[in-house]
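From just these sequences and the hints, can you work out the full model?
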Amino acid sequence: MDTNGILESIQSLSAKKIDSMYLNDFLLTWHKSEDEIVATFQTAEILRSMRKNNVSCRVFDSGLAVSIFRDKSTRTRFSFASACNLLGLATQDLDEEKSQITHGETVRETANMISFLAEIIGIRDDMYLGTGHTYMKEVAQSVEQGYQEGVLPQRPTLVNLQCDIDHPTQTMSDVLHLINHFGGIENLKGKKIAMTWAYSPSYGKPLSVPQGVIGLMTRFGMEVVLAHPQGYNLLPEVEEVAKSNSRKSGGAYTRIAGMSEAFKDADIVYPKSWAPFTVMEERTQLLHAGDHYGLKDLEKRCLENNKQFIDWECTEKLMRTTKDGSALYMHCLPADISGVSCESGEVEASVFERYRVPQYIQAGYKPYIIAAMIFLSKFKNPAEKLTELVNQNHQNE
Amino acid sequence: MDTNGILESIQSLSAKKIDSMYLNDFLLTWHKSEDEIVATFQTAEILRSMRKNNVSCRVFDSGLAVSIFRDKSTRTRFSFASACNLLGLATQDLDEEKSQITHGETVRETANMISFLAEIIGIRDDMYLGTGHTYMKEVAQSVEQGYQEGVLPQRPTLVNLQCDIDHPTQTMSDVLHLINHFGGIENLKGKKIAMTWAYSPSYGKPLSVPQGVIGLMTRFGMEVVLAHPQGYNLLPEVEEVAKSNSRKSGGAYTRIAGMSEAFKDADIVYPKSWAPFTVMEERTQLLHAGDHYGLKDLEKRCLENNKQFIDWECTEKLMRTTKDGSALYMHCLPADISGVSCESGEVEASVFERYRVPQYIQAGYKPYIIAAMIFLSKFKNPAEKLTELVNQNHQNE
Amino acid sequence: MDTNGILESIQSLSAKKIDSMYLNDFLLTWHKSEDEIVATFQTAEILRSMRKNNVSCRVFDSGLAVSIFRDKSTRTRFSFASACNLLGLATQDLDEEKSQITHGETVRETANMISFLAEIIGIRDDMYLGTGHTYMKEVAQSVEQGYQEGVLPQRPTLVNLQCDIDHPTQTMSDVLHLINHFGGIENLKGKKIAMTWAYSPSYGKPLSVPQGVIGLMTRFGMEVVLAHPQGYNLLPEVEEVAKSNSRKSGGAYTRIAGMSEAFKDADIVYPKSWAPFTVMEERTQLLHAGDHYGLKDLEKRCLENNKQFIDWECTEKLMRTTKDGSALYMHCLPADISGVSCESGEVEASVFERYRVPQYIQAGYKPYIIAAMIFLSKFKNPAEKLTELVNQNHQNE
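Protein chains in written order, with the working numbering: chain A, 1 to 397; chain B, 398 to 794; chain C, 795 to 1191.
Accuracy of the hints is not assured; some may be wrong.
Computed list of lysine-lysine pairs in DSS-like fashion (alpha-carbon distance at most 27 angstroms, straight line) [claimed, not checked]: (1) B/Lys714 x B/Lys645; (2) B/Lys586 x B/Lys645; (3) C/Lys1174 x A/Lys52; (4) A/Lys72 x A/Lys307; (5) A/Lys248 x A/Lys17; (6) A/Lys264 x A/Lys205; (7) A/Lys205 x A/Lys189; (8) B/Lys661 x B/Lys645; (9) B/Lys720 x B/Lys586; (10) C/Lys846 x B/Lys782; (11) A/Lys52 x C/Lys1179; (12) C/Lys866 x C/Lys1090; (13) A/Lys205 x A/Lys380; (14) C/Lys811 x C/Lys1174; (15) A/Lys72 x B/Lys469; (16) A/Lys380 x A/Lys17; (17) A/Lys137 x A/Lys17; (18) A/Lys385 x B/Lys449; (19) C/Lys999 x C/Lys1058; (20) C/Lys866 x A/Lys72; (21) C/Lys931 x C/Lys999; (22) A/Lys380 x B/Lys449; (23) C/Lys866 x C/Lys1101; (24) C/Lys866 x B/Lys469; (25) C/Lys846 x B/Lys777; (26) C/Lys1058 x C/Lys983; (27) B/Lys640 x B/Lys414.
Just so you know, these hints were derived from the structure itself, not from any lab.
Below you can see the structure in the form of structure tokens.
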């Protein structure tokens, strides 16, 4: 997009009904309307094009973006830092070990104490099933209350950087990748995507990516197929979301038993490992109980169980069965690549390598998706603000 | 305050005699003159109002604000980061574990090495009695020397983020809260404040808050009453400061034995736990000696000793004995709340909850107090600089 | 330099042939041409003078500077943070423990994932002989490939913050110190510098400083003398570089056996401890094997071996044998100072103290050297960009 394209896209954005994104959080994609989802893609692309055209995206003169990472992170951490930096915010990590949180203070108190000058709070909390999303809601309610009570001069908004239920910054980047790959959101209609489990020699991987994928991809009239070995079910309520979405969007959502059936004639494949839901529940209990022996035992049992399904691998042979033998391969990264990062893993090395560049491009959308989420939650009239930025640049030239 | 109010307040600030704050540190409140203390409150309120009115407070084009946290911190860490960010400085934490400081280099050397482009150094060092303030003075002297010798192109100034003696960013925020609560600094005259010990099931809490409170609150003509169990004395030299202050300000400073007498007819109560001075001394020696067994034993003895005074709790019953039964409850947070963060603690849950919002508002002054301390130490004519910022904003409109 | 001096220096810079610095990395000084080395000194001095004259050096509106520290660091960490901040970049540390790197992802993948909005990557990796420089090259190739493939919208450039072979930000600062001390780069011609080993009660110190010194100082027609005990050899390929350099520059490079001969009539002395090359190799193998017993044993043997050479100390007596008894003493800091940071070390306390201020001034060049390396790699026409910054400032006045 050049400057004219940007201004046209801003024009289209201004027609979207997105009032309730203002001062609101981005926790689960299925809590956002069609217009809100599309506006997020548009804003991400506008910001990306602005940067490419050397138009400053700096809308904040000052302000903190607080990050809370309760699990390890490389790409999301850097994407969040990049997004905030692009808009003019300084990131400040809440390292719970270096804080006084263990002093017994409440979530409500901490949430307010870190937010006096915070515009944004980004949280990753995906380790404990049933707690990540709950924690985010508690933080969101706390700062909402603080804002209402006059404690906080502004309402910091939350961005879910991965919880136990959804991983919206990932899946929104995934869809933006599909939009650009297939030449428009309207072209997603009728496309078949296979979200399948794949074998990995590790255990305890969150369910948020496959859940997020079926919860989001079903909104664009796609044929979403989920396949996994017995026992590796996703949260039933998210499957309900997928079913409901697909009915509304004129697409389809089906769960089938095998990887080969899922791959057949697929336009897109997303083979990825995750832990069985029941294992995650048991793990959560053991972690809370601090039962290290139990955890070791669970890991052992789980890895052995995984091994039964070692043939769930995205191979060249399987890829040949997809639409024209050339489905788009996707992964949230890092992938377990057979013969590269492990002996047997989620994907054959030659498949991964062939799709490496598109993969990396897909990952590159994340900073802009996050920036868009921030932007739309902080400006009452985002289209006006974006126009202001573009015009300001013209004056500086 | 609107823009006119801000300009009036700047006018009043310009009349204050604050020359010696320039390029100077903020270590202990009692080393600052009346004018300097009042100027800090004024500047904090000016900056807070500027931000509220969308007037940029960014006075630094670049520059580092170095933080050194030798103890855990949430609110002070975020307050410091917020204050620096507001003024345009980037915070850089000196993590002593990730540095080469253990290589045997001197405080003087480290202080200079981190300061080549540093405008501000914020230090929290409250763990060891007799060392925190001493360390800060050493750092201050080192950078002063470096500046005089031409090693440092600018003089980074120090802000005490809590030492073993005082906690000025906390107590200055506390007083600013009182000023706003009672409608002016002149209205503090004659008010009775009860700074009292309170029971907590933890041990080793620093003395800097109660010391800072009696060292500062005695300057405004208040009736400051200190109450604590036998053996929980504060540093004698700080009590001397309190006595001297109260004489000069026309107030009073008294130490009394019991909590109930202290609360009687009080306008403000500040019940908070701290460790006995002698325990902190013993602890400092044991920590330096690395005597883990001795520390465990001390903790046990100390917790048992604390338990004798489990009835030192801020209850509804006690609150009813205060002035009109409605004294302002204060705490530096996080508080040990009975039945919430512990079984028996410093304060009854219903009392805390009733004062929760004012508490949080009180905590919200800290970023602006820190920003004011920085501002006044870095600009020779702060009133002129503030006027410039306000006028600049008018031009941009 | 005043503004006129700055503009003159920019004029001189514009005549240098430095095209290949654009979008290029700074890994080893001997991979840079004479013009490139000199341009780096000039740019560092221009930026330093600009800051002194309150001319903003902020050339980036946004952008990350990623740092990867695989070894402890104080001064380089703060120098890098200062340099990036001066130019308008926000530093983001890649803490490998908090990342998913252990998930088995490749260097290529991580390098791209952290670089979507990164302008600069600074790396310290000096612990393992034979790996630091190799790792940096791999990162550089990865982001070059990502840039070529369209994954990265800009080419982040690498700055070597110390590897196993060279320490260019240190040695370039050292030479800038010499240039300012002796009144011009042309005055270095014929000066004798003694790079000598010195005793230290620690072990495992990297070879990158002495190697960097002989690899860089030999370029200015200096007489570079290296002295160390038997077995403390440097990498043979770096000695070859030194020989070749000295031939081209009309200087000399010689290795001699003793400290006293090296110091004789020297204009500059640089006495510093390092580990024998063979020890570093053994250590690298033991570290990779996780052989803690072997490492303990190696340390013991190595410290005992060191002790044989406890008389390799920079004493007042030795200093008197230098040119006019007043050679310039240099060290990369922190030094092991006898009677201060250890019983017996690299240098007598009185020698160190006499040269303390010049030492600190020398260290103070590092932020500007790093800023210059960044600047020259990110702007196609650095002289034009610098002129723009100076003129912009005039308009603002």
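Can you name, in rising order, the numbers of the hints this structure does not satisfy?
Hint check: 1, 7, 13 fail, others pass.
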